[in-house]
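One-letter residues, chain by chain:
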Amino acid sequence: MNTRVLTWLVAVPAVVIGLGLLFQLLSLVEPSLYFTWAYYLEVLIGGTLQGVMYSLVALGFVLIFKASSVFNFAQGSMVLFAALTMVGMIEWGLHWTLAFLITAGVMVVLALVIERVVLRPLVNQPHIILFMATIGIFYFLDGLGQTLWGSDVKQLDIGIPRTPIFILESVFEGGILVNQFDIVAAAIGGILVLVLAIFFQKTRIGRALRAVADDHQAALSVGIPLKTIWAIVWSVAGFVALVTGVIWGSKLGVQFTLALIALKALPVLILGGLTSIPGAIVGGLIIGAGEQVAEVFLSTFIGSAIQDWFAYVLAMLFLLVRPQGLFGEKIIERV
Amino acid sequence: MLYREAGQFKSDYVSDQAIFPILQDRIGVILIFLFALLVVPFIASNYMLSSILVPFLVFSIAAIGLNILTGYCGQVSLGTGGFMACGAFFTFKLTTAMPELNILLVFLLAGFGTALVGIAFGLPSLRIKGFYLAIATLAAQFFLIWMFTQNPWWTNHSAAGVITAPPRALFGDFYITGIRATPLNKYIFLLCFTALLALVAKNLVRSALGRAWMAIRDMDIAAEIIGIRPLAAKLSAFAVSSFFIGISGAVWAFMYTASVEALAFEVTRSFQVLFMIIIGGLGSILGSFLGAAFIVLLPIMLSNLPAMVGLRLPVDLVAHLEFMIFGALIVFFLIVEPHGLARLWQIGKEKLRRWPFPY
Numbered sequence: 002m003n004t005r006v007l008t009w010l011v012a013v014p015a016v017v018i019g020l021g022l023l024f025q026l027l028s029l030v031e032p033s034l035y036f037t038w039a040y041y042l043e044v045l046i047g048g049t050l051q052g053v054m055y056s057l058v059a060l061g062f063v064l065i066f067k068a069s070s071v072f073n074f075a076q077g078s079m080v081l082f083a084a085l086t087m088v089g090m091i092e093w094g095l096h097w098t099l100a101f102l103i104t105a106g107v108m109v110v111l112a113l114v115i116e117r118v119v120l121r122p123l124v125n126q127p128h129i130i131l132f133m134a135t136i137g138i139f140y141f142l143d144g145l146g147q148t149l150w151g152s153d154v155k156q157l158d159i160g161i162p163r164t165p166i167f168i169l170e171s172v173f174e175g176g177i178l179v180n181q182f183d184i185v186a187a188a189i190g191g192i193l194v195l196v197l198a199i200f201f202q203k204t205r206i207g208r209a210l211r212a213v214a215d216d217h218q219a220a221l222s223v224g225i226p227l228k229t230i231w232a233i234v235w236s237v238a239g240f241v242a243l244v245t246g247v248i249w250g251s252k253l254g255v256q257f258t259l260a261l262i263a264l265k266a267l268p269v270l271i272l273g274g275l276t277s278i279p280g281a282i283v284g285g286l287i288i289g290a291g292e293q294v295a296e297v298f299l300s301t302f303i304g305s306a307i308q309d310w311f312a313y314v315l316a317m318l319f320l321l322v323r324p325q326g327l328f329g330e331k332i333i334e335r336v
Numbered sequence: 210m211l212y213r214e215a216g217q218f219k220s221d222y223v224s225d226q227a228i229f230p231i232l233q234d235r236i237g238v239i240l241i242f243l244f245a246l247l248v249v250p251f252i253a254s255n256y257m258l259s260s261i262l263v264p265f266l267v268f269s270i271a272a273i274g275l276n277i278l279t280g281y282c283g284q285v286s287l288g289t290g291g292f293m294a295c296g297a298f299f300t301f302k303l304t305t306a307m308p309e310l311n312i313l314l315v316f317l318l319a320g321f322g323t324a325l326v327g328i329a330f331g332l333p334s335l336r337i338k339g340f341y342l343a344i345a346t347l348a349a350q351f352f353l354i355w356m357f358t359q360n361p362w363w364t365n366h367s368a369a370g371v372i373t374a375p376p377r378a379l380f381g382d383f384y385i386t387g388i389r390a391t392p393l394n395k396y397i398f399l400l401c402f403t404a405l406l407a408l409v410a411k412n413l414v415r416s417a418l419g420r421a422w423m424a425i426r427d428m429d430i431a432a433e434i435i436g437i438r439p440l441a442a443k444l445s446a447f448a449v450s451s452f453f454i455g456i457s458g459a460v461w462a463f464m465y466t467a468s469v470e471a472l473a474f475e476v477t478r479s480f481q482v483l484f485m486i487i488i489g490g491l492g493s494i495l496g497s498f499l500g501a502a503f504i505v506l507l508p509i510m511l512s513n514l515p516a517m518v519g520l521r522l523p524v525d526l527v528a529h530l531e532f533m534i535f536g537a538l539i540v541f542f543l544i545v546e547p548h549g550l551a552r553l554w555q556i557g558k559e560k561l562r563r564w565p566f567p568y
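From first to last, the protein sequence lines are chains S and R. According to the numbering used here, the first sequence holds residues 2 to 336 in order. According to the numbering used here, the second sequence holds residues 210 to 568 in order.
If you're looking for bench data, these hints aren't it; they were derived computationally from the structure. Take the hints with a grain of salt, since some may be wrong.
[Said to hold, decoys possible] Below, in silico cross-link-like pairs of lysine-lysine (DSSO-like), each with a Cα-Cα straight-line distance of 30 Å or less:
{"#": "1", "chain 1": "S", "residue 1": "K331", "chain 2": "R", "residue 2": "K338"}
{"#": "2", "chain 1": "S", "residue 1": "K331", "chain 2": "S", "residue 2": "K203"}
{"#": "3", "chain 1": "S", "residue 1": "K67", "chain 2": "R", "residue 2": "K338"}
[Said to hold, decoys possible] One-sided excerpt, in silico: chain R residues whose CB lies under 8 Å from chain S:
{"#": "4", "residue": "I239"}
{"#": "5", "residue": "I241"}
{"#": "6", "residue": "A245"}
{"#": "7", "residue": "L247"}
{"#": "8", "residue": "N311"}
{"#": "9", "residue": "Y341"}
{"#": "10", "residue": "I344"}
{"#": "11", "residue": "A345"}
{"#": "12", "residue": "P361"}
{"#": "13", "residue": "T373"}
{"#": "14", "residue": "I544"}
Given the structure is predicted, the values throughout are model-derived calculations rather than measurements. We put the beta carbon where it would ideally sit given N, CA and C, even for glycine.
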């Protein structure tokens with residue numbers, strides 16, 4: 002076990018307990034603030050499970066950014082598009098597994114089209130231009146999805162249980178309330194990450210992907226076809242978008258606001274580091290837990306609805322200390 | 210044949226460094242301004258004035274502001290909407306607290322206030338760059354909008370959260386905000402104001418300060434080595450940019466929509482202005498105008514086009530198609546001309562100079 006993991010193992014409980022003590026202190030000063038350790042843990046766990054969802058969106062960003070240095074703003078609208086397509090298929094009467102497979106196919110086709118029509122003509126353009134192009138894709142997909150499938154809020158139900166359950170009843174009085182749906186979602190997210198990790202570490206394509214991520218020119222010179230790799234990466238990102246869309250869609254309903262969760266993934270990204278898959282996951286958990294805890298325990302002092310901006314400010318303050326994010330590669334600049 | 214600078218010799222530095230060194234350009238710009246000032250008011254309908262020309266001018270100011278920051282200084286910002294909201298709410302607070310203060314002065318003061326906010330949110334730019342900075346400016350966007358919606362103090366404790374702009378006159382009976390302001394008054398004022406601001410911006414980017422910004426944009430480390438202080442350059446870019454954006458937010462709320470509400474300045478507004486400068490041309494004042502015109506006109510064109518050719522489409526379908534066409538056009542533009550409309554205009558000028566013998 003290396004020192005880094007050890008640091009995390011010490012730091013995370015320390016921060017959690019420290020914040021808990023801080024809030025307990027605050028609740029003594031300000032009686033209107035309700036604080037018990039069970040409640041604090043409940044909020045924390047709820048937030049962390051919510052954070053898994055952010056991680057999933059962030060994962061799609063990181064995959065593309067690592068392989069092609071494109072900051073894919075359209076990830077959010079890919080999520081919406083995938084969810085809309087799948088719901089549309091289900092409405093046609095298909096079983097959801099079949100709909101899922103067909104939608105996965107659609108996302109692959111979409112990835113190929115994006116690669117061919119948008120990315121290839123823009124090779125060697127500055128990053129900001131590519132970023133803008135993905136915003137163009139964002140608008141296009143938003144319009145396309147809603148033109149094809151309509152803009153009503155749709156229900157997506159694939160049979161994930163929703164009843165809340167109590168855990169740790171022996172430790173705390175009354176136990177801790179956890180939503181079963183969130184646990185299943187987190188499990189799906191975990192499986193997805195595991196599959197991706199195996200894909201990246203063990204397969205031939207995965208090795209090629211990592212080579213491209215490491216150094217485009219070196220990868221080209223050992224005979225890795227860059228264009229194919231890009232298409233694969235966008236397909237994988239499309240698949241991740243589909244899984245995200247299914248989970249978010251069955252939680253919140255499939256609607257236009259799904260596309261805007263992409264914005265929530267941005268602070269996750271910079272917190273974790275733009276180039277790191279573990280960073281995306283840990284960043285998502287931190288942002289999810291942090292904003293829940295802040296919303297519940299700080300809103301008495303600052304005002305409600307701080308969820309809107311808390312993640313961004315947290316990420317920004319963090320960047321001031323560590324500009325490359327938690328797990329990002331150290332930024333080295335040369336003239 | 211007409212557009213040729215042959216024979217126009219420059220014999221001193223002043224004429225060499227003029228904004229429009231070519232005589233035809235000078236005449237052209239003056240003619241366009243006079244046309245807009247003297248002819249347009251007589252031929253344009255009220256609809257044309259209040260829902261095309263006024264938003265065009267308002268967006269032009271915002272685009273100039275963002276272009277200074279992003280196009281000239283290279284700091285990508287997604288906080289434009291937040292800064293526009295600052296300008297709008299500062300103006301509202303100032304003009305309700307001191308009704309006797311001239312509205313023009315209030316606009317400028319609100320601009321200065323926004324500049325201070327811009328400096329505060331520009332501080333991270335000293336540590337973080339590129340995409341990281343773009344996301345950090347989103348913090349400004351969301352935080353500012355949250356502040357204006359959460360605190361009833363900003364809306365003078367109005368119950369609805371939406372407030373109409375109070376009537377204010379520039380001088381005498383020349384009302385430019387509120388119910389007594391005619392679209393014509395608004396247009397005339399905005400035209401002169403925008404022209405003035407554009408002139409200020411153009412001169413700023415030609416100055417030592419502007420050159421410092423461009424050096425930072427091209428490579429900040431190299432700029433630092435040749436003696437440009439990144440702190441001063443970046444923060445001044447944030448300040449000047451926020452000043453313009455704040456003013457545009459103020460005139461947006463007071464002269465275009467005539468109501469002050471934070472919802473008008475959501476993050477989509479930031480993207481809209483960013484599109485303007487990308488499509489118009491990064492690092493070009495002319496491009497800011499062209500981009501603003503493009504983005505303002507495009508939705509109007511798109512929603513009127515099907516009706517013109519006799520097609521009757523449902524409203525929501527038109528809205529979605531608009532999104533699609535908008536997105537496709539952005540991608541198309543970036544592929545065909547990443548340097549924007551301003552570059553197309555330059556190419557056109559080159560062609561014009563050689564016309565009719567292009568060899």
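The hints, checked one at a time:
This hinted pair checks out: K331 of chain S and K338 of chain R have alpha carbons roughly 13 Å apart, not beyond 30 Å. Between the alpha carbons of K331 of chain S and K203 of chain S the distance comes to roughly 26 Å, so the proposed pair stays at or under 30 Å and holds. Distance check on the hinted pair: K67 of chain S and K338 of chain R sit about 18 Å apart at the alpha-carbon level, within 30 Å; holds. Interface hint status for I239 of chain R: violated, as the beta-carbon distance to the closest one in chain S is roughly 34 Å, over 8 Å.
Here the hint on I241 of chain R is broken, as its CB sits about 29 Å from the closest CB of chain S, past 8 Å. Of the supplied interface hints, the one on A245 of chain R is violated, with its beta-carbon coming no nearer than about 30 Å to a beta-carbon of chain S, more than 8 Å. Hint status for L247 of chain R relative to chain S: violated, with the closest Cβ pair at about 38 Å, above 8 Å. Contact between N311 of chain R and chain S, as hinted, is not supported at the beta carbon level, the nearest pair being about 34 Å apart and thus beyond 8 Å.
For the restraint placing Y341 of chain R at the interface with chain S, the shortest Cβ-Cβ distance is roughly 5 Å, inside the 8 Å limit, so the hint holds. Of the supplied interface hints, the one on I344 of chain R holds, with its beta-carbon coming within about 5 Å of a beta-carbon of chain S, less than 8 Å. Because the smallest distance between the Cβ of A345 of chain R and any Cβ of chain S comes to about 4 Å, under 8 Å, the interface hint for this residue holds. Checking P361 of chain R against chain S: minimum C-beta separation of about 11 Å lies over 8 Å; hint violated.
About 25 Å separates the beta-carbon of T373 of chain R from the nearest beta-carbon of chain S, more than 8 Å, and the hint is not met. Contact between I544 of chain R and chain S, as hinted, is supported at the beta carbon level, the nearest pair being about 5 Å apart and thus within 8 Å.
When each numbered hint is compared with the structure, violations occur for hints 4, 5, 6, 7, 8, 12, 13.
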